[in-house]
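Participant: Single-letter residue listing:
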Amino acid sequence: MAISTAPAAPPTRPAPTKADAEPRRRRAGRLQGSRWIAVAFAAPLVIYLLAFYAYPLIRSIDLSVHDYTVRAFVQGNAEFVGLDNYVTVLTSPLFGQALANTAVFVVASLVFQYAIGLALAVFFRNSFRLSGVLRALFLVPWLLPLIVSGSTWAWMLNSDNGVVNSVLQAFGLGQINWLTSPDTSMLAVIIANIWLGIPFNLVILYSGLQNIPAEVYEAASLDGAGPWRQFWSVTFPLLRPVSAITLLLGLVYTLKVVDIIWIMTKGGPADSTTTLAIWSYREAFGTGQPDLSPAAAVGNILIVIALIFGFVYLRTQRRQESS
Amino acid sequence: MTARRPWWKTVLGIVFIALMLFPVYWMVNVSFTKTQDLRLDPPHLFPFDATLDGYTEVLRQQLPNLGTSLLIGLGCVVLTVVIAAPAGYAISLLNLRGGRTLNFVLLVAQMIPGVVMAMGFYAIYVRLGLLNSIGGLILADSTIAVPFGVLLFTAFMSGLPRELLQAARVDGAGAWRTFVSVVLPLSRNSALTVALFAFLWAWSDFVFASTLARNSDLKPVTLGIYAYIGNNTTQWNAIMATAVVASIPAAILLIVAQRYVAAGVTAGAVKD
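The listed protein sequences correspond, in order, to chains A and B. Mapped onto the numbering used here, the consecutive letters of the first sequence carry residue numbers 1 to 323. Mapped onto the numbering used here, the consecutive letters of the second sequence carry residue numbers 1 to 272.
Be a bit skeptical, because a hint or two may be false.
SDA-like cross-link-like pairs, simulated, lysine to any residue; straight-line CA separation at most 25 Å [what the hints assert, rightly or not]:
1) B:9 / A:160
2) B:9 / A:216
3) A:266 / A:171
4) B:34 / A:166
Simulated coverage check for chain B against chain A, where a stretch passes if three residues somewhere in it have a Cβ under 8 Å from a Cβ of chain A [said to hold, decoys possible]:
5) 8-14
6) 21-34
7) 50-61
8) 115-122
9) 139-149
10) 203-212
Negatives, chain A to chain B, calculated, CB over 12 Å [said to hold, decoys possible]:
11) 104
12) 108
13) 111
14) 186
15) 187
16) 268
These are calculated hints, taken from the structure and not from any lab test. From a predicted model like this one, the values you see are computed outputs, not experimental measurements. From the three backbone atoms N, C-alpha and C, an ideal C-beta is built for every residue, glycine too.
Make the full structure from the sequences, and use the hints.
Facilitator: Given below as structure tokens:
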């Protein structure tokens with residue numbers, strides 16, 4: 001399943017394959033005769049999307065503009081408060097910190113996942129003995145349940161008995177309180193998240209590399225370009241579309257990460273790892289007292305942020321296609 | 001083709017994979033460590049003096065949870081394929097009107113954070129009495145895989161030769177017959193990929209489980225592990241043993257279906 005930049009011939013231009021195009025259009029017309037049948041096949045999905053995406057989403061918006069206490073939740077008579085929850089959230093001292101934490105978490109994770117993933121993809125580009133097996137093994141971290149990876153990292157980074165500190169001590173470095181000091185907790189969850197993201201980056205970038213024709217490299221080396229030069233003048237520019245989608249998917253995924261941070265630090269200590277997603281999760285489900293209305297407000301702000309990046313991406317992609 | 005195999009690359013590759021998989025190794029190592037040795041400094045790098053205590057603990061406490069997770073995973077697989085395969089067929093081969101819009105909606109759907117979905121589901125489930133039920137979790141967990149499934153089916157089915165559909169039509173098959181006896185059999189590989197991911201994601205889900213099934217008698221295994229951590233337990237060997245057991249489906253699927261896993265990861269990047 002390659003990343004298809006499907007060369008769908010623009011219908012207006014008289015393509016050289018005009019003879020082919022004619023019957024294809026007629027064929028399409030015949031299949032289209034059954035438009036309602038197509039709708040029938042798609043109907044379960046549409047109903048599903050309405051029931052399990054649109055409706056929960058509407059409920060979450062509804063939560064954010066009412067004041068849902070636990071009692072109001074059961075009785076269903078929550079007071080309408082308009083945008084009060086959003087105002088509360090946006091003016092909360094935690095908002096700035098959560099936003100900054102989210103930015104640090106996302107940017108640091110993306111940069112390192114991508115750089116390491118790309119370096120490994122280039123390393124694996126030419127096959128060598130065992131390369132297939134080794135590449136498959138790189139997928140392991142990605143397939144493990146996040147709670148498994150999270151608790152393993154938490155134990156490895158444990159201050160007193162963690163293997164990481166005992167290795168550091170062997171090199172003469174002092175003990176680091178990875179998860180219990182606000183100075184290093186963010187670093188700790190970022191390290192774990194980078195580890196989790198490398199396989200995904202590796203696989204997508206690797207398949208992107210496979211789609212770069214070998215002749216380009218031959219031409220480059222005939223022109224006397226060394227490996228370093230080849231990477232910067234051939235590989236990297238030709239990989240740009242694939243890089244863009246890798247980073248976008250990584251961004252969308254990283255923005256909404258809850259599991260790994262929650263399992264390792266619960267957003268602490270002293271809110272040092274509280275991202276927007278963690279904040280929302282903690283307000284709603286992390287304490288004994290569910291506070292769903294502000295939590296929904298934070299969550300909806302997060303959606304808006306994700307959508308903005310999504311649309312920026314689609315825009316640039318469309319512009320690239322039309323040029 | 002060069003005759004010379006760059007052996008140093010193999011060596012380097014093994015070094016890289018050793019670094020990458022160290023946490024996995026460490027999980028297995030700790031799962032065999034005796035409770036009194038957990039606090040050793042420096043820790044044993046190999047399970048010299050292995051114990052199965054952690055695993056007996058798992059068997060004693062986690063078997064029902066593993067069963068619950070299995071049930072939820074399989075339920076999600078069925079639901080996802082049943083919804084996604086016909087939709088992919090409609091978008092890719094039946095020239096569905098608004099197919100592009102639908103693809104766009106699916107793309108956006110994947111951007112919604114799980115926390116927000118969880119709150120929506122929570123609010124709905126309170127009313128419907130679906131909290132703490134396996135069915136409720138199957139429905140919620142399936143939302144992770146359905147958009148991905150539709151996009152993957154659409155991408156694969158658009159690659160099928162249209163001549164085959166025409167041949168079926170000439171033979172008098174309607175859209176449904178064509179779907180069941182031509183398109184579905186040909187899409188077996190993509191169905192396997194979708195099923196594999198639907199299962200793994202449902203099996204690994206933590207956000208929905210921890211919000212919609214917190215007080216359930218039948219917990220998925222992810223909550224089983226979480227309960228261990230939450231209790232401030234020192235039984236890290238038991239936690240790691242559960243973690244190892246919870247990773248077994250991933251390990252099996254990786255060995256059996258390695259090809260499909262790679263295909264699926266890349267398909268996540270297929271644009272409309």
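Participant: Indicate, hint by hint, whether the structure satisfies it.
Facilitator: Cross-check of the supplied hints:
no. : hint          : verdict
1   : B:9 / A:160   : 37 Å, violated
2   : B:9 / A:216   : 23 Å, holds
3   : A:266 / A:171 : 30 Å, violated
4   : B:34 / A:166  : 18 Å, holds
5   : 8-14          : holds (count 5)
6   : 21-34         : holds (count 6)
7   : 50-61         : violated (count 0)
8   : 115-122       : holds (count 8)
9   : 139-149       : holds (count 5)
10  : 203-212       : holds (count 6)
11  : 104           : 18 Å, holds
12  : 108           : 19 Å, holds
13  : 111           : 18 Å, holds
14  : 186           : 19 Å, holds
15  : 187           : 16 Å, holds
16  : 268           : 14 Å, holds
Hint check: violations occur at hints 1, 3 and 7; the rest are consistent with the structure.
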